[in-house]
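Protein sequence lines correspond, in order, to chains A and B.
Take the first sequence: its letter number 384 is residue 384 in the numbering used here, and every next letter is one higher.
Take the second sequence: its letter number 184 is residue 184 in the numbering used here, and every next letter is one higher.
Since the hints were derived computationally from the structure, they do not count as laboratory data.
Heads up, the beta-carbon is just placed ideally off N, CA and C, and yes, glycines get one too.
There may be inaccurate statements among the hints.
Just the calculated beta-carbon pair ranges, DEER-fashion [claimed, not checked]: (1) B/V117 with A/K480: 14 to 20 Å; (2) A/G68 with B/S60: 42 to 48 Å; (3) B/S43 with A/E99: 31 to 37 Å; (4) B/G55 with A/E238: 39 to 45 Å; (5) B/S43 with A/I223: 39 to 45 Å; (6) A/N209 with B/V117: 40 to 46 Å; (7) B/F118 with A/R517: 28 to 34 Å; (8) A/P474 with B/I53: 31 to 37 Å; (9) B/G86 with A/T83: 32 to 38 Å; (10) B/L38 with A/P44: 42 to 48 Å.
Cut-off 25 Å, straight-line C-alpha distance, at most; resulting in silico cross-link-like pairs (BS3-like, lysine-lysine) [to be verified]: (11) B/K96 with B/K168; (12) A/K358 with A/K480; (13) A/K456 with A/K438; (14) A/K282 with A/K358; (15) A/K95 with B/K96; (16) A/K107 with B/K168.
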Amino acid sequence: MIPSDREMASDQEEPYLAEAVDDEPLTSAADTIIDRRLHRMSLPFMMIARTRSYLIPAVAGTVFAARGHRHFALVLGISFLVTFLSDVFRYFTLKYRIEGGELVVSKGLISRSQRNIPLARIQNIDLTQNFLHRFFSVAEVRIETASGTEPEATLRVLSLDEITRLRNQLKGVKSPESHLDDAEPGAFQDQLILSIAIPELIIRGLIGNRGLIMLAVVLGMAIEFELFEKIPMEWTEEALKRVRETGWIINLALGTLLFAIFFGFVRILSAIWFVLRFSGYKLTADDQDLKVVAGLITRVSATIPRKRIQFISVQESLMARMLGRASIRIETAGGAGTEDEDARATIGRRWFVPIVSKSFVDTLLSELRAGLTADDGYYDWQPLASGTRKRLFRRAIFLSCLISVVLGFTLRLWAIPVGILVLIAMIWHAARFARSLKYARFDDGVVYRSGVLDRKMSFTFFDKIQAINVSQSPFDRRWKMARLHVDTAAAGPAEHTISVPYLDEDFAYDEFRRITRKTSSRRLQIA
Amino acid sequence: MNDLQPSDASSDLIDENQAEIIPAELSDFRSLHPAHVLAERISGWFITAAIGIVGLIIWSGILFAKWPPTWQNWLWFFVFFSFVFGLGMHSHFMPKWEFARCRFRVDDQGIEIHRGVFWRSIINVPRSRIQHTDVHQGPLQRRFSLGSLIIYTAGTQHASVSIHGLLKTDALSYRNILTSQDDHHDSV
Chain A
1 MIPSDREMAS DQEEPYLAEA VDDEPLTSAA DTIIDRRLHR MSLPFMMIAR TRSYLIPAVA
61 GTVFAARGHR HFALVLGISF LVTFLSDVFR YFTLKYRIEG GELVVSKGLI SRSQRNIPLA
121 RIQNIDLTQN FLHRFFSVAE VRIETASGTE PEATLRVLSL DEITRLRNQL KGVKSPESHL
181 DDAEPGAFQD QLILSIAIPE LIIRGLIGNR GLIMLAVVLG MAIEFELFEK IPMEWTEEAL
241 KRVRETGWII NLALGTLLFA IFFGFVRILS AIWFVLRFSG YKLTADDQDL KVVAGLITRV
301 SATIPRKRIQ FISVQESLMA RMLGRASIRI ETAGGAGTED EDARATIGRR WFVPIVSKSF
361 VDTLLSELRA GLTADDGYYD WQPLASGTRK RLFRRAIFLS CLISVVLGFT LRLWAIPVGI
421 LVLIAMIWHA ARFARSLKYA RFDDGVVYRS GVLDRKMSFT FFDKIQAINV SQSPFDRRWK
481 MARLHVDTAA AGPAEHTISV PYLDEDFAYD EFRRITRKTS SRRLQIA
Chain B
1 MNDLQPSDAS SDLIDENQAE IIPAELSDFR SLHPAHVLAE RISGWFITAA IGIVGLIIWS
61 GILFAKWPPT WQNWLWFFVF FSFVFGLGMH SHFMPKWEFA RCRFRVDDQG IEIHRGVFWR
121 SIINVPRSRI QHTDVHQGPL QRRFSLGSLI IYTAGTQHAS VSIHGLLKTD ALSYRNILTS
181 QDDHHDSV
């Protein structure tokens, strides 16, 4: 397809360009002054890009309109018009230039906005071209920095000459790193770290809940195709009559049996999902990257450069703990997406190691980051604020009273014993919760441990921390506590955040300062 | 946050009685521009007025259709206009309180913002973590020569950190302080 930015650096031929363009000097007086605009064909291309997102609503709108509900189509038409107008404004007001080592993009008529992107931060300039783009010798440009959720600047569209000029100006600034994203795993330098056999994957499925999602999909489709309406009324009536006739003990037993069957079914679906996704799992590593190959029907190979790992989380659900297993999840900073990035991202970022025996966790961790360990005793855990248990107990009491009052409307006096049960459960949970929360700082970063049933222990490192935040709700202020949060890139997939509540406020503030100092003193190492 | 005392030497200088005064460490922090209070009040009042007028129109419609109104109508009337009144009070007082509590520091170390009236928060973005910046000016801000400085990081929850209510020229100069290139190296 289109040569990527890195490939262009090494590729001498540029077959799709109409004519060769000489390398221009990095900056010249003329360059820094001229404001450049989008290509004049941009508007049609913007509209085409919009239609893709409007396609399904448009189809739905026509269907509704045909059935007589015009409002949806009207609303759709208005919103389309609004976005069209905003595209027109964008086209006429967007200007960009390279000035002082930055790409400056400004746009807007009513709300003016100027974005400065330091050239050194730009990781890639990606092009998208369909046949229409090729016909006009233009391309859609996406400029991405390490903050990889969405492109920092999308220039739709620029001429190819202009793009080459931009890239040449960029080449002189950044140093291209060569990550061979499509390298074959198992190449001679790679070392096999872990492979997961099918029985292990089945175990992982059985202790996990992935089946619920598949069930939701099946249910959704059933509703869509109106399958439920095909069940004859007589059957449901007959069934209800039978239920009312049998005694409550039998009903309870049957109900429990049905629930158990349902539960088992969900778990079996989950096991199937894991086998499909991770069959033949192999984790290999060389000195720069980790590679995961997995999948039964769709074979995915994901390359994870070690430097891109922002966040590592060792997680054990209750059942996993009982079986002596754990899973490891990571979060990585984004690079440019390719078509099968989704599958790669799912394995590489979200799951990484779906199941591994607890004794092997430290070996894996040190593979990800030298010297990292999940051993509790290694860390200097900080205590939570002294009033934590009292605060949690008070909250448990308040909430259970509230629940009892609410239930009292339906259950009357039965609400009291229910409330007491809820209270006991909440107090137990509060005590375990307070004990399960742990925070520590170590040479390289910070570690946070939380979770009563599902335990999660997560690490991030000073050279990956992006911003530090300490906050207090009004309740926190009253209890003299605060919450400490460190922000990392592409957070979320691991379903755990280093946001530590119930810290003593002075300690939280001091820790805030310490982490800030350590973060400032480490170079940014996103990728 | 007045209540979070730093535990280094400067805390010795803070008198217990001065708990309400910004602690010494925050004295080198700056405030927003006072015109921001007015700008925020204007936009708050505008929304309040809009909601109030819409409510009044609906109300006249209801009264026109059904006279005399029942006690439930009066109750809803009271509830709705208490809400509008509350909104008006919020629009009037919150900007002032938020202005009083908002402090920030921009230097070659990075940016730190203290803010919040009820929910208090301090956020720090070290200079090397700043990916790029926006200076943004809405139509109302333009009339007061105000602007917003938005700092983008590679983070997630704080992918963007913004300060609204700076003088636009100040916003531009802060941006320059934060992003001036020194040999393209991150600060070490």
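Each hint tested on the structure:
no., hint, result
1, B/V117 with A/K480: 14 to 20 Å, "18 Å, holds"
2, A/G68 with B/S60: 42 to 48 Å, "33 Å, violated"
3, B/S43 with A/E99: 31 to 37 Å, "33 Å, holds"
4, B/G55 with A/E238: 39 to 45 Å, "54 Å, violated"
5, B/S43 with A/I223: 39 to 45 Å, "44 Å, holds"
6, A/N209 with B/V117: 40 to 46 Å, "41 Å, holds"
7, B/F118 with A/R517: 28 to 34 Å, "29 Å, holds"
8, A/P474 with B/I53: 31 to 37 Å, "33 Å, holds"
9, B/G86 with A/T83: 32 to 38 Å, "35 Å, holds"
10, B/L38 with A/P44: 42 to 48 Å, "44 Å, holds"
11, B/K96 with B/K168, "20 Å, holds"
12, A/K358 with A/K480, "38 Å, violated"
13, A/K456 with A/K438, "11 Å, holds"
14, A/K282 with A/K358, "18 Å, holds"
15, A/K95 with B/K96, "37 Å, violated"
16, A/K107 with B/K168, "16 Å, holds"
Going down the numbered hints, you'll see the structure goes against 2, 4, 12, 15, while the others check out.
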